[in-house]
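Chemist: Line by line, the protein sequences give chains X and P. Under my numbering, the first residue of the first sequence is numbered 1, with each subsequent residue one higher. Under my numbering, the first residue of the second sequence is numbered 1001, with each subsequent residue one higher.
Read the hints as simulated data drawn from the structure, not as lab findings. Among the hints, a few may not be true.
Subject to a maximum C-alpha distance of 16 Å in a straight line, what follows is the list of computed EDC-like cross-link-like pairs (lysine to aspartate or glutamate) [stated by the list, open to error]: (1) X:99 - P:1079; (2) X:99 - P:1098; (3) X:69 - X:83; (4) X:99 - P:1095; (5) P:1071 - P:1052.
Ranges between beta-carbon positions, derived for each pair [unchecked claim]: (6) X:57 - P:1069: 17 to 27 Å; (7) X:18 - P:1018: 43 to 53 Å; (8) P:1014 - X:41: 26 to 36 Å; (9) X:64 - P:1030: 28 to 38 Å; (10) X:51 - P:1018: 37 to 47 Å; (11) P:1080 - X:75: 39 to 49 Å; (12) X:41 - P:1052: 24 to 34 Å; (13) X:28 - P:1030: 18 to 28 Å; (14) P:1018 - X:50: 36 to 46 Å; (15) X:14 - P:1069: 46 to 56 Å; (16) P:1014 - X:75: 43 to 53 Å; (17) X:55 - P:1012: 38 to 48 Å; (18) X:14 - P:1052: 41 to 51 Å; (19) P:1018 - X:28: 33 to 43 Å.
Even glycine gets a Cβ: it sits at the ideal position worked out from N, Cα and C.
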Amino acid sequence: SQQGEEDPQALSIQEGENATMNCSYKTSINNLQWYRQNSGRGLVHLILIRSNEREKHSGRLRVTLDTSKKSSSLLITASRAADTASYFCATEPHSGTYKYIFGTGTRLKVLA
Amino acid sequence: NAGVTQTPKFQVLKTGQSMTLQCAQDMNHNSMYWYRQDPGMGLRLIYYSASEGTTDKGEVPNGYNVSRLNKREFSLRLESAAPSQTSVYFCASSDNYEQYFGPGTRLTVT
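Please put together the full structure from these sequences, using the hints given.
Modeler: Structure representation (structure tokens):
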């Protein structure tokens, strides 16, 4: 069963706009990560947020975590055509096992 | 550094055939993983290895076996391939939380 569910499944925006995607999960977590996957390629790590953190920034990325709602959001500001990719959240349900469960992903298309 | 490498990139098998997918990493990571990715399903963990000499089942281990040959290499074997194993297979390695992924193997079973 999938631990993480991303929303929306697909998103299409104009270059320069902000893109927001959400991840909901089912069990308590130690941390949550976001990954990007360009078409046909392996995943690339973007950012990690720990369960005791509420917000984290990395360049044009902003991640929030609400453990009471079991949800996280990824905001990409001032999007570029190169941001076109699928984005996945990954959660570690049991601390220390390093067994991550990935969500189903959000397909982002940024139009130039 | 090559990072995580996988061979082959593409493979077509007939039902019942066997094959081994190879994965190697040059980052001296302890943990290695095998995932499969099907359309609309995200990545699902098949097996993982927390360290050399140990392996553990993930979410979808049936029909697969793994070998952690040494710290660098982690192979995935399909003993008797089935059409349901048609998928893209990714290997990953990690030394803490961040996982580094290989480019994937696209496997078709006819």
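Chemist: Hints first: check each against the structure and report whether it holds.
Modeler: Verification of the supplied hints:
| no. | hint | result |
| --- | --- | --- |
| 1 | X:99 - P:1079 | violated (24 Å) |
| 2 | X:99 - P:1098 | holds (12 Å) |
| 3 | X:69 - X:83 | violated (28 Å) |
| 4 | X:99 - P:1095 | holds (12 Å) |
| 5 | P:1071 - P:1052 | holds (5 Å) |
| 6 | X:57 - P:1069: 17 to 27 Å | violated (40 Å) |
| 7 | X:18 - P:1018: 43 to 53 Å | holds (49 Å) |
| 8 | P:1014 - X:41: 26 to 36 Å | holds (28 Å) |
| 9 | X:64 - P:1030: 28 to 38 Å | holds (31 Å) |
| 10 | X:51 - P:1018: 37 to 47 Å | holds (42 Å) |
| 11 | P:1080 - X:75: 39 to 49 Å | holds (46 Å) |
| 12 | X:41 - P:1052: 24 to 34 Å | holds (28 Å) |
| 13 | X:28 - P:1030: 18 to 28 Å | holds (25 Å) |
| 14 | P:1018 - X:50: 36 to 46 Å | holds (42 Å) |
| 15 | X:14 - P:1069: 46 to 56 Å | holds (49 Å) |
| 16 | P:1014 - X:75: 43 to 53 Å | holds (47 Å) |
| 17 | X:55 - P:1012: 38 to 48 Å | holds (47 Å) |
| 18 | X:14 - P:1052: 41 to 51 Å | holds (49 Å) |
| 19 | P:1018 - X:28: 33 to 43 Å | holds (40 Å) |
Of the numbered hints given earlier, the model fails hints 1, 3, 6; all others are met.
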